[in-house]
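Chains A and B, in that order, give the protein sequences. So the first sequence is numbered by our numbering: it starts at 1 and just counts up by one. So the second sequence is numbered by our numbering: it starts at 1001 and just counts up by one.
It should be emphasised that the hints constitute simulated quantities derived from the structure, not laboratory data. Check each hint, because a few of them may be wrong.
Partial pick of chain B residues on the chain A-facing surface, computed with a CB cut under 7 Å [said to hold, decoys possible]:
{"id": "1", "residue": "Gln1104"}
{"id": "2", "residue": "Ala1107"}
{"id": "3", "residue": "Asp1267"}
{"id": "4", "residue": "Gln1271"}
{"id": "5", "residue": "Ala1273"}
{"id": "6", "residue": "Pro1275"}
{"id": "7", "residue": "Glu1276"}
{"id": "8", "residue": "Glu1408"}
{"id": "9", "residue": "Glu1418"}
{"id": "10", "residue": "Tyr1422"}
{"id": "11", "residue": "Gly1423"}
{"id": "12", "residue": "Ser1426"}
Fair warning: this is a prediction, and the values are worked out from it, not measured in the lab. All C-beta atoms in this analysis are idealised placements derived from N, C-alpha and C, irrespective of residue type, glycine included.
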Amino acid sequence: MQTNMKQNLWGYLFIGPFVIGFLAFTIIPIVASFYFSFTSYDLFNSPRWVGLQNFKEMFTADPRYLHSLKITFIYVFAGVPLRLLFALIVAMLLNTASRAVGLYRTLYYLPSLIGGSVAVAIMWRNIFGDDGVVNIALMSMGIDPVRWFGDPTAALWMLIFLSIWQFGSSMLIFLAGLKSIPQSYYEAASVDGASFFQKFFSITIPMLSPVILFNAVMQTIGAFMTFVPAFIISKGTGGPLDGTLLYSLYLFKQGFEFFHMGYASAMAWVMLLIIAILTSIIFMTSRFWVHYESEGGK
Amino acid sequence: MKKSLLVLLGMMMILWLAACSGDGGNEETSGDDNASEETADNGDSEGAESGDEEVTLRIAWWGSQPRHDYTLEVIKLYEEQHPNVTIEPEYASWDDYWQKLAPQAAANELPDIVQMDLSYLSQYAENNQLADLSPFIGSNIDDTNISQNAIDGGKVGDGVYGFNLGVNALSFHYNPEIMSELGYDEFPEEWTWEEYQEISQKAVDAGYYFDNGLKADVFFNYYLRQNGKRLYAEDGSGLGYEDDQLFVDFFKMVQEQVESGATPTPDFLAQLAGPEDDPVVKGEGVGIFQWSNQFVGLEDISESSFEFAPTPGPNVDQGLFLKPSMFFSVSENSEQKEAAADFINFFINDVEANKLILGDRGVPVSSEVKDALLSEVSEAQAKVFEYVAWAEENSTAMGAPDPAGAGEVIELIDGLQEQIAYGEISPEDAATQFRTQAESILGN
Chain A
1 MQTNMKQNLW
11 GYLFIGPFVI
21 GFLAFTIIPI
31 VASFYFSFTS
41 YDLFNSPRWV
51 GLQNFKEMFT
61 ADPRYLHSLK
71 ITFIYVFAGV
81 PLRLLFALIV
91 AMLLNTASRA
101 VGLYRTLYYL
111 PSLIGGSVAV
121 AIMWRNIFGD
131 DGVVNIALMS
141 MGIDPVRWFG
151 DPTAALWMLI
161 FLSIWQFGSS
171 MLIFLAGLKS
181 IPQSYYEAAS
191 VDGASFFQKF
201 FSITIPMLSP
211 VILFNAVMQT
221 IGAFMTFVPA
231 FIISKGTGGP
241 LDGTLLYSLY
251 LFKQGFEFFH
261 MGYASAMAWV
271 MLLIIAILTS
281 IIFMTSRFWV
291 HYESEGGK
Chain B
1001 MKKSLLVLLG
1011 MMMILWLAAC
1021 SGDGGNEETS
1031 GDDNASEETA
1041 DNGDSEGAES
1051 GDEEVTLRIA
1061 WWGSQPRHDY
1071 TLEVIKLYEE
1081 QHPNVTIEPE
1091 YASWDDYWQK
1101 LAPQAAANEL
1111 PDIVQMDLSY
1121 LSQYAENNQL
1131 ADLSPFIGSN
1141 IDDTNISQNA
1151 IDGGKVGDGV
1161 YGFNLGVNAL
1171 SFHYNPEIMS
1181 ELGYDEFPEE
1191 WTWEEYQEIS
1201 QKAVDAGYYF
1211 DNGLKADVFF
1221 NYYLRQNGKR
1231 LYAEDGSGLG
1241 YEDDQLFVDF
1251 FKMVQEQVES
1261 GATPTPDFLA
1271 QLAGPEDDPV
1281 VKGEGVGIFQ
1291 WSNQFVGLED
1301 ISESSFEFAP
1311 TPGPNVDQGL
1321 FLKPSMFFSV
1331 SENSEQKEAA
1341 ADFINFFIND
1351 VEANKLILGD
1361 RGVPVSSEVK
1371 DALLSEVSEA
1381 QAKVFEYVAW
1391 AEENSTAMGA
1401 PDPAGAGEVI
1411 ELIDGLQEQI
1421 AYGEISPEDA
1431 ATQFRTQAES
1441 ILGN
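The task is simple: from the sequences and hints, build the whole structure.
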């Protein structure tokens, strides 16, 4: 009994730091923000209970909110598939046996390492500037340069390109998935005379589908929470014409610029709900396209 | 298998414990060091009089690099003269500054001295974040050479919640060479908004921009004042004008300026990487409407020299007012309010310090400092002093400070101006939208 107690004590001791951190920085803020979402709270005075008013205001009286929701959806639904596609293509290229492959893997992963950083976003501002590389490239192809920061649609696409460029982490996961597909399948298919595309769609994609599912879910969640690039590239404004006012940026503005912490908390909970719904949709559709070997192909 | 796992875990645990105890040991010793230092310090200060007490002040401001540089020098100067005071600076750009300040305020962690802007002063003062400076004025802060008017600029209700660091006035900074190319050897003495549009047209015909546009929250307020109104109601509970036609007239004019090419299009302006790219700086524009303290910076980054002109009339004196460029406030949670007031006093009244500041935070409020600087300042700065002296004679009182929520109203009106410039909304619709939304922000 005594040794048991002692063992337990050690256990609690070891788990203590995590539990304390989890309580202080995750659970308590979550509970608090849930409470704030039903209040009018300006950070200085104590919160005042307003019931569902924040949620009502969001969908009925705040066109800016609906706009930020819209562009966030564009950002996610254009950005995530493109990013996954890109990651998969590069992962397949890097899966070939070549001597320089190690170097390339590192190079392609680098953008993700420095991913959310301010430095990258600032660099992005230069790349897409009036005399930036992108416009020079466009002009050399005979296309008119684009005012990336002046045109709301272009500005959003610039953010999407930035997110695609940071495909490294999903690429690594794809790479691991590709490595685990037995070579014998491809050999057998080759013997049967299958083309590259036949092999790709009949072996690679099904075998990789659990990994695709994982990446799709993680990237969607991550994309919804994008903040830093939008903040830096628009210099905190979400402009031009709110073209880069992503959800988290607007949430941040409401909370810390306009002192509407209650409203911002309500926004956070709506975002949680949206992410939860989207994730469950992805999971629900997954049984039609994800292939688990352990379930006998079902 | 199991056994080896246990051994492995055991080893990891030992390593971890060793690492922990090592850390703990270090912390303890370093903690002891600190403690002994602290007691020693306390001993010192108890022995000496309060003037030698060790004081650490946190001070926060916004600005650009030149301001950061000289402010750090001023701090160094102060620390040299007050060896017992250590000052920890926290500085940022305008946007970052306010986003950092809000959570600090919520956590009662505001720096001891906070640079404040007119548009946020009420918000922070009314929420009991700032200390009333009145008890320090006349004692810690020497006000012998400062006019009551200047001090009152920081008044919210009955208290002074920010000490005025300098005054500004709206003005037009133009390039005289381009003006004479347009056929004006002298700037029209009293120009009106009609003449503004006429000269703009001449500039366009000659291949120049006329200006960079009129920043909505600043110049719409000026325009309203010319018409005997104000942007905010005196008690801050709503807008200070009833007739939306004023909004429509002003923004129609702004829109026409963009359409005629006198003002760059908003997408062009958004693409500019920094002030160096500004058309006015590059000699492609006639001038720029801005606050008087921005004149020196404009001359610094451009090759050409500029001149001052007042803003367009009629009723310039009704429209113009002397604005406290910025304030230093002391936070309510500060435990060193007196020491903070001492530093503010130094910042405002010390001539040596102001030789570093050189009016970047507005024309000094202390007449003694102002006189001492007149021989020191550059030609550009002298023009600023001269203009502000003129504006002092040709302006009316500023009125109540911006109400709480002004920050949000400013973002609202600037956003609407952007939409008008992009042709997304008509000035008429913008006027209605502005009224509804601003009233709801201010009414809260």
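Checked hints:
1. This hint is violated: Gln1104/B has a C-beta 10 Å from the nearest C-beta of chain A, more than the 7 Å allowed.
2. With its C-beta approaching chain A no nearer than about 9 Å, Ala1107/B sits outside the 7 Å limit, and its interface hint is violated.
3. About 2 Å separates the beta-carbon of Asp1267/B from the nearest beta-carbon of chain A, less than 7 Å, and the hint is met.
4. For Gln1271/B, the interface hint holds, the least distance from its beta-carbon to any beta-carbon of chain A being 5 Å, beneath 7 Å.
5. The beta carbon of Ala1273/B is positioned within 7 Å of a beta carbon in chain A (closest approach about 6 Å), and the interface hint is therefore held.
6. With 7 Å as the threshold, the beta carbon of Pro1275/B stays out of range of chain A, its nearest partner Cβ sitting at about 13 Å, so the hint is violated.
7. Hint status for Glu1276/B: violated, given a least beta-carbon distance of 13 Å to chain A, over 7 Å.
8. Taking 7 Å as the C-beta cut-off, the interface hint given for Glu1408/B holds, the closest approach to chain A being about 5 Å.
9. The beta carbon of Glu1418/B comes within 6 Å of a beta carbon in chain A, closer than 7 Å, and the hint placing it at the interface holds.
10. The beta carbon of Tyr1422/B is positioned within 7 Å of a beta carbon in chain A (closest approach about 6 Å), and the interface hint is therefore held.
11. Hint status for Gly1423/B relative to chain A: violated, with the closest Cβ pair at about 11 Å, above 7 Å.
12. Hint on Ser1426/B is violated. Least Cβ distance to chain A is approximately 15 Å, over the 7 Å limit.
Consistency with the previously given hints fails for numbers 1, 2, 6, 7, 11 and 12, ordered from lowest to highest.
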